[in-house]
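Working from the sequences, and respecting the hints, build out all of it.
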Amino acid sequence: EPEVTQTPSHQVTQMGQEVILRCVPISNHLYFYWYRQILGQKVEFLVSFYNNEISEKSEIFDDQFSVERPDGSNFTLKIRSTKLEDSAMYFCATGQGEGNTIYFGEGSWLTVV
Amino acid sequence: LAKTTQPISMDSYEGQEVNITCSHNNIATNDYITWYQQFPSQGPRFIIQGYKTKVTNEVASLFIPADRKSSTLSLPRVSLSDTAVYYCLVGDGGQGGSYIPTFGRGTSLIVHP
Numbered sequence: 118e119p120e121v122t123q124t125p126s127h128q129v130t131q132m133g134q135e136v137i138l139r140c141v142p143i144s145n146h147l148y149f150y151w152y153r154q155i156l157g158q159k160v161e162f163l164v165s166f167y168n169n170e171i172s173e174k175s176e177i178f179d180d181q182f183s184v185e186r187p188d189g190s191n192f193t194l195k196i197r198s199t200k201l202e203d204s205a206m207y208f209c210a211t212g213q214g215e216g217n218t219i220y221f222g223e224g225s226w227l228t229v230v
Numbered sequence: 026l027a028k029t030t031q032p033i034s035m036d037s038y039e040g041q042e043v044n045i046t047c048s049h050n051n052i053a054t055n056d057y058i059t060w061y062q063q064f065p066s067q068g069p070r071f072i073i074q075g076y077k078t079k080v081t082n083e084v085a086s087l088f089i090p091a092d093r094k095s096s097t098l099s100l101p102r103v104s105l106s107d108t109a110v111y112y113c114l115v116g117d118g119g120q121g122g123s124y125i126p127t128f129g130r131g132t133s134l135i136v137h138p
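Chains as they are written, first to last, in the working numbering: chain A, 118 to 230; chain B, 26 to 138.
Keep in mind that the hints were calculated from the coordinates and are not lab data. Any given hint might turn out to be false.
Said to hold, decoys possible - Calculated lysine to aspartate or glutamate pairs in the EDC-like style (CA-CA distance at most 20 Å, straight line):
1. A:Lys-159 to A:Asp-203
2. B:Lys-77 to B:Asp-92
3. A:Lys-174 to B:Asp-117
4. A:Lys-159 to A:Glu-223
5. B:Lys-28 to A:Glu-161
6. A:Lys-195 to A:Glu-185
To be verified - Not the full set, but computed from the structure, chain B residues with beta-carbon under 8 Å of chain A:
7. Pro-69
8. Phe-71
9. Thr-127
In this text the structure is predicted, and so the values were computed from the model without any measurement. All C-beta atoms, glycine included, are put in the ideal place defined by N, C-alpha and C.
See below:
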């Protein structure tokens, strides 16, 4: 069964450092999403990406965040200057755009110290 | 966006059938109903999706009454490994990434030996 893969699975970084989280979507999917889940809290939407541009973003997705699909395969989330409150599990999700089925990766656990 | 309401938690025992009901009174004509399962520290996993009546796959069944204002996820003969959080989402899939799957608190199912 095709799956969304994410790397790294776990990253520890110092406050103020830049972090890049990577996602390889399911091959025929055109819609890409990043979500995050702080420990014990809800899965929160960050951003959606379609046709090489951001479609929607939440208030969480401020100027320190950016997304791109540099090589037509990987879909990346960059956090420019991490803060302690950025510690969370970050999930990539992709979909074909039919109905509302999107498929999630296993997540990247980010710890900011 | 249709708001969903589901129980915060449920308890069951191995071998029993579990039914989790989700209310979505303001569901729109184009909306689909999708259920996800999430284990701790993992990404949400798609379980089942339906529009009306009954849908069944190898994991679960989804019952949707004619008015579509609620839906029931049915898990036959649960095991300890079914202990997870179950989310009900409602939406139309959108075009160009305009639909944003939004997660609530979900239903925390605990299966006891």
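Here is how each hint holds up against the structure:
Distance restraint check for Lys-159 (chain A) and Asp-203 (chain A): the Cα-Cα separation of roughly 14 Å lies within the 20 Å cut-off, and the hinted pair is therefore satisfied. The straight-line distance between the Cα atoms of Lys-77 (chain B) and Asp-92 (chain B) is roughly 9 Å, inside the 20 Å bound, and the hint therefore holds. Taken as a hint, the Lys-174 (chain A) and Asp-117 (chain B) pair is honoured in the structure, with Cα atoms around 18 Å apart against an allowance of 20 Å. Between Lys-159 (chain A) and Glu-223 (chain A), the direct Cα distance comes to roughly 16 Å. Compliance with the 20 Å bound is thereby established for this hinted pair.
Straight-line distance between C-alpha atoms of Lys-28 (chain B) and Glu-161 (chain A) comes to about 15 Å, which keeps the hinted pair within the 20 Å bound. Taking the CA atoms of Lys-195 (chain A) and Glu-185 (chain A), the gap is near 8 Å; set against the 20 Å cutoff, the hint holds. At a threshold of 8 Å, the smallest CB-CB gap from Pro-69 (chain B) to chain A is about 5 Å, leaving the interface hint in force. Here the hint on Phe-71 (chain B) is kept, as its CB sits about 6 Å from the closest CB of chain A, short of 8 Å.
At about 6 Å, the closest approach between the beta carbon of Thr-127 (chain B) and any beta carbon in chain A falls short of 8 Å, and the interface hint on this residue holds.
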